[in-house]
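Asker: Each chain is listed here by its residues.
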Amino acid sequence: MRFFKTGLVKGILVGLLWWLIGFMLVEVIRVAMGLPAAWDPNVPAGPVAGQNALQWIVAGGLAAYEPAMVVAGIFFVIGFMLGVGTMSDWLKWVRGIDTPMHHGPKEGDPGWFRYFGADYSHKVIGLQYGVTAVILLMFAGTLALIFRVELANPELQLSLFGANPEVQGTLNWFNTLVSAHGMIMIGSILLGVGAMSNYLVPLMIGANDMAFPRLNSFAFWINVPGALLLVTAIFIGGWNTGWTGYPPLSAQAPIGVQYFFIGVFFIGMSSILGSLNIIVTTLTMRARGMTMFRMPIFVWAAFSTALIQLTATQLIGLSFLMVLIQRILGLGFFNPGFPDITVIASSQLWEGGGNPILFQHLFWFYSHPAVYVFILPGLGIISELLPVFSRKPLFGYKWIALSSMAIALVGFLVWAHHMFVSGMNTYLRVPFMLSTLLVAVPTGVKFFSWLGTLWGGRIDLKTPMLFTLGAISVFLIGGLTGPPLGTVTTDLQLHDTYYVVGHFHATMFGGFVFPFFAALYYWFPKFSGRQYNERLGVIHFALMTPAFWVMSLGQMLAGTRGMRRRVADYDPAWGIDGVQLAVSIAAFIIAFSVLLMVINLLWSSRRAPRAVANPWRSRGLEWQIPSPVPELSYATAPVVVGEPYDYGLPGSTYVQLAPAMTGGD
Amino acid sequence: MSAIVESPQVQVRRNRMGMWLFFVSEAFLFGGLLIARFFLWGDTRPDLPQVVPLGITAVLLTSSFFMNRAEVAIANDDRKTFQRGLLITAFLGFIFFLGVLIFEWGWTIEDGAFVLGNHIHPTSGVYGAVLYGMTGMHALHVLSGIVIIMIIWNLGRKGKFSAEDHWGVEATAIYWHYIDLIWIFFYPALYLIGTAVPAGGH
Amino acid sequence: METPFLVFILMPLVIGGALLVGLFLLARIMPGTGKASKADAAAVQPVPSRGPEYVKLRARRAAAYRLGLVVFGGLVVLSVVEFFLASVGSTALMFIMIVFKAALVMYFFMHVASVWRTEEAH
Amino acid sequence: MEKRSYGKHFIIVAVIILITAVITIVGLGRVRWMAAPATTQAHSVDALLGIELVAIGFLFALVMVFMLYSVVAFRRRNGEETDGDHFEGNTKLEITWTVLPLITVLILAVLGARGLAQATGAQADEVAVRVTAFSWGFTFGYPELGIDATPVLYLPVDQPIVLDMNSVDTDVIHDFWVPEFRVKQDLVPGVPTQLRITPNKIGSYKVLCDELCGTGHTNMQARVEVVSSSDFDAWVAEQQPSTDPAEMAKLGEELVASQGCAACHNVTGDPGGIGPTWKGLFGHEVELADGTTATADEAYIHESIVDPLAQVVTGYQPIMPASYGDVLTDQQIDYIVEYIKTLH
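Chains as they are written, first to last, in the numbering used here: chain A, 1 to 665; chain B, 666 to 867; chain C, 868 to 989; chain D, 990 to 1333.
Misleading hints may appear alongside valid ones.
With a straight-line cut-off of 20 Å between C-alpha atoms, the simulated EDC-like cross-links for lysine to aspartate or glutamate are [stated by the list, open to error]:
{"no.": "1", "chain 1": "D", "residue 1": "997", "chain 2": "D", "residue 2": "1074"}
{"no.": "2", "chain 1": "A", "residue 1": "398", "chain 2": "D", "residue 2": "1243"}
{"no.": "3", "chain 1": "B", "residue 1": "823", "chain 2": "A", "residue 2": "98"}
{"no.": "4", "chain 1": "A", "residue 1": "398", "chain 2": "D", "residue 2": "1077"}
{"no.": "5", "chain 1": "D", "residue 1": "1330", "chain 2": "D", "residue 2": "1279"}
{"no.": "6", "chain 1": "A", "residue 1": "92", "chain 2": "B", "residue 2": "830"}
{"no.": "7", "chain 1": "D", "residue 1": "1268", "chain 2": "D", "residue 2": "1243"}
{"no.": "8", "chain 1": "D", "residue 1": "1195", "chain 2": "A", "residue 2": "571"}
{"no.": "9", "chain 1": "D", "residue 1": "1190", "chain 2": "D", "residue 2": "1158"}
{"no.": "10", "chain 1": "C", "residue 1": "923", "chain 2": "B", "residue 2": "829"}
{"no.": "11", "chain 1": "D", "residue 1": "1195", "chain 2": "A", "residue 2": "155"}
{"no.": "12", "chain 1": "B", "residue 1": "745", "chain 2": "C", "residue 2": "920"}
{"no.": "13", "chain 1": "D", "residue 1": "1195", "chain 2": "A", "residue 2": "569"}
{"no.": "14", "chain 1": "C", "residue 1": "923", "chain 2": "B", "residue 2": "742"}
In silico contact screen, one side only, chain B against chain C (beta carbon under 7 Å); selected entries [what the hints assert, rightly or not]:
{"no.": "15", "residue": "734"}
{"no.": "16", "residue": "737"}
{"no.": "17", "residue": "743"}
{"no.": "18", "residue": "846"}
{"no.": "19", "residue": "849"}
{"no.": "20", "residue": "850"}
{"no.": "21", "residue": "857"}
{"no.": "22", "residue": "858"}
Derived by calculation from the structure, the hints in this document are not laboratory data.
None of the values given here were measured: they were computed from a predicted structure.
Even glycine gets a Cβ: it sits at the ideal position worked out from N, Cα and C.
With the hints as extra help, turn the sequences into a complete structure.
Answerer: As structure tokens, then:
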């Protein structure tokens, strides 16, 4: 089987080997220092009578192994990266061997082989990102379905993984599922954003690849061990902290939280490196004649996104790292009372003083702008597709472009609106309320400009356009339900209720999921060379959009009535049983419709009729070259001579693919 | 199958921009640590001996000077000074690293066991946490810097790099200066700013 | 004494040491990379060792080294001043010193200006 | 391509938007969003939410109608291959829809700040109540009335209350939320917080923890009784320490129920629980994890509650939270011991 020779498999095998090395390293050092190793009979390491292994892990039994597990987790990532082969060029350079850039599959390998290993072409990497994103999306969605079954009725019903529903085990599993759903979805969205940026930005600006192809490959592959660790975390005790991982709870949570931290850390590293690549590519590799204000609007969105990712992501890595070392070393950043996890019991100097609120400041400094990381590319996709399917210029191009930058910048100043009731200094509430509400202004500009684009067009309701319009309607719900959370007064009631859940899912679906699906359908002919099944696409839309409205509005209603976030049970007296059942059913419909899309795209990529080169009559640069894109996208350097969205202006062209031009940059 | 050939100048320009973007990104990491320091310590600091930190600061500053000298040397075709400068830099960096680990953190060997001297501990509340967290994160960067310098030294020994083509040296140099730059912020924040709070009961 | 020691001292030393040793071993073992090959040596541009070119080169080197020394001297002076100014107890003053030092390092050592310079000037 | 006139379209759209907006706003207003309010602070929250619902209804109608109308009126007819009208934008319009939302947002911010001041501002003649959260429950103390720790929050109606809140130092972040009271506040270890309420409706409510606090988060709640001031005085008089064993055992049983002890310790003698059963515990020998034995007398049970990890019974994980010593008073622990004595 050739599959077992792919970089992916090699990465996992080498990663596991390194995992073992890391684990043993710590244990050997412990033994050498005269400390009991983890397998020492005096360490309460094994299950006690009446416990099976899973119950033991759930009860925190792995805690004795914690330092070894943490080091092993980090070693696993290093080993995976070495095994997958994405660092081999750098290691050769370190040894003084020249490594000329190589594009295209290796001689003798089948075409699919390169998709499972390190490959430097941005088109391959973009598809790798996309497929991984969809896999993670389906995995995290399945987790949501499990706990939606629990929530469809009041009282506790599910007995998960052998945990006894009579005791707290079920609740721990419930919390783990909620946390894992949140964080793996976020990972999936980050990968989806990476897919769109990586595949589209070089094509749209007329470049043949990203500025740093090797770094690009590295940035993709480090997501894979990160995601694997996140999934592993569920099964080594889980973590009951929510995706936010607030200490002191995360400092006391089961050991799964450590793999959650490490996984997020490396996915964040991917964000940083990938966005660095996007920024340099956008700034230095545009085609001749493409000024900043002649770039396709999606490139603007990707650029603003990259600016946020590059800077803010460090803070989530830092905040999780601080909890991680607080757990294994006892550095008391967030522990006011300093519980008895100290390794050096004799230490009486400068006791205590930690502050849990510091974590929330550091955490939200990333995690709020992260929301704009998720939605800005999606809004860019909406702005990109509307002109094509309305056959009209984008209304107010510069305003939309600059509103992306404005959202990115204002997004840095609003983090504390997640902390209105957290116990931070109360006088900070009003300025953060004002800055939060200000985000509505550039977002409103986008909405009105989209309406201006639609007005008086020749609107063609193909599947990508349907999803674009669906995205506008869903994002509208998400946007309009924001101000009640942004104004402190109403937030006092709504904070941390299901209303927030409804609002957040509306922004995520409207800002990412719908546009991402639109993008998948729209560029499907570009990367596969075939046309998807239109009827299945329309059915997907017709199922998903109403189901989502029911789900989101139902969640909000449940929240205002008193349903809290992240609880497995609720009071039947609130009269939300029917709403909860409807939300659960809607969730299943959404899941089914997504499955329909996956089947459609998989089937179409093999069996569907070949697509014409430019099925949407788009003016975009990427549609002027053959589909699927050849290995060298632009054999002749394109020259931009006009505006990108001049539909309906007779005689105008955007780009000339000049015959045999030399130079570039 | 065709390779995309860019002129080396263009690629160096991109590399340089990428390197600086990486610095901007890292600045947020260290900035977060500084914020933690001011959030948790306010205008106080632990009352620590002043001589050791001043000494290791001087060592790091000197290493930065030799790194600069090495880079200037290769840019002016002076291979001998280049190689020697790299070695001195790595050596001084290692001294700094050990200085933090052994003198600053106060590890000593007593009766065959490693113990902390009469000094602040990692578990000493927020003072220990921030001090060890910040110096530790910086030391990690110093360690990586030393490894990279040794790699560059080894490549230089094999005849790589010239006045025209020495991006690897330049990247290493600005990375090392960046580490120095971080310490320029960390050193006063940890040892000079704020009122010294004497140790509690021990 | 256990875990902090482990992570703060032994782990960095072990990992760093292993990396260094590994790199040296690789450099020795890998075929064709142990010593500078003749092709590599031939590729290196000849550096003038006498004549007017050499004099010019020497002058350029000396000027560049001198600049580094002057900046280093400035940093030393600033550091000493900073150390003694700490007793004044003014945080703002310390920040001014930090900014001065950082500006020196970034401008002269890190060549921050070269980021927005489009052409190479050696 | 000829320029079309959009006058007719604009008029139709405006009319539909108005009709839809009215329907949406009325519809949103008729939904029973929240349980009936029970504090004076609730007024400002409900009023602002009402204003926001009107704005939401109008903007929703505006964008949706505009979008759907465009899709219907400007759809591509069969076989049509022409492009739409070429207009790239309108700076005046863009400025208008930048400035108008800006003004709206500023007004909203002012309203929000005023509402915040009303909902959290200090009041005259406040009575202080101490709220302590732990994993996973609440205790309430009345320092001015000499009541140390009670599992149920009794509040006299129409009396301004200031809640001085804290989570146990070694514990995690919790939250105090009564949906009918409309205000909430986190309880953070090491960072004292405050919340002000004036209950104005007699009734029984529930405090919910609204900050994920681990395994028991779902069930972390406490009862709130808003009572008339005479009932409140009677309740205060009841809260004197009891010495009658039967009554102590009864109070102990209530405490056991409210503190969640039963989650791990059963009283049926069933051996499969997370912690040792209490049936027949008192007076018997127990085997400890370190191999020794101990007699389960008053002192042993007291210690096992305050410092549960000191003497772990063999066969059980040392996972009982150590926070009960901070949460329960000695008096209350005596009640629980008295209750365990009755379980033969």
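Asker: With reference to the structure, classify each hint as holding or not holding.
Answerer: Structure-based check of all given hints:
1. D/997 / D/1074: Given that 20 Å is the threshold and the Cα spacing comes to 16 Å, the pair holds.
2. A/398 / D/1243: 67 Å, violated
3. B/823 / A/98: 13 Å, holds
4. A/398 / D/1077: Answer holds: residue 398 of chain A to residue 1077 of chain D is near 10 Å, not above 20 Å.
5. D/1330 / D/1279: Violated. Residue 1330 of chain D to residue 1279 of chain D sits at ~25 Å, over the 20 Å cutoff.
6. A/92 / B/830: Holds: residue 92 of chain A and residue 830 of chain B sit about 18 Å apart, inside 20 Å.
7. D/1268 / D/1243: Status holds; Cα separation ~17 Å.
8. D/1195 / A/571: At roughly 10 Å apart (the allowed maximum being 20 Å), residue 571 of chain A and residue 1195 of chain D satisfy the hint.
9. D/1190 / D/1158: 34 Å, violated
10. C/923 / B/829: 17 Å, holds
11. D/1195 / A/155: Since the Cα atoms of residue 1195 of chain D and residue 155 of chain A sit roughly 17 Å apart, the hinted pair holds (cutoff 20 Å).
12. B/745 / C/920: The given pair, whose Cα atoms are some 19 Å apart, holds under the 20 Å limit.
13. D/1195 / A/569: 15 Å, holds
14. C/923 / B/742: 12 Å, holds
15. 734: For residue 734 of chain B, the interface hint holds, since the closest Cβ of chain C sits about 6 Å away, which is under 7 Å.
16. 737: Hint holds; residue 737 of chain B Cβ to chain C Cβ min 4 Å, cut 7 Å.
17. 743: 6 Å, holds
18. 846: With a minimum Cβ separation of about 5 Å from chain C (threshold 7 Å), the hint on residue 846 of chain B holds.
19. 849: OK, holds: residue 849 of chain B within 7 Å of chain C, min 5 Å.
20. 850: 6 Å, holds
21. 857: Holds, because the Cβ-Cβ distance from residue 857 of chain B to chain C comes to roughly 4 Å (cut-off 7 Å).
22. 858: 5 Å, holds
The structure fails to meet hints 2, 5 and 9 from the earlier list, while all remaining hints are met.
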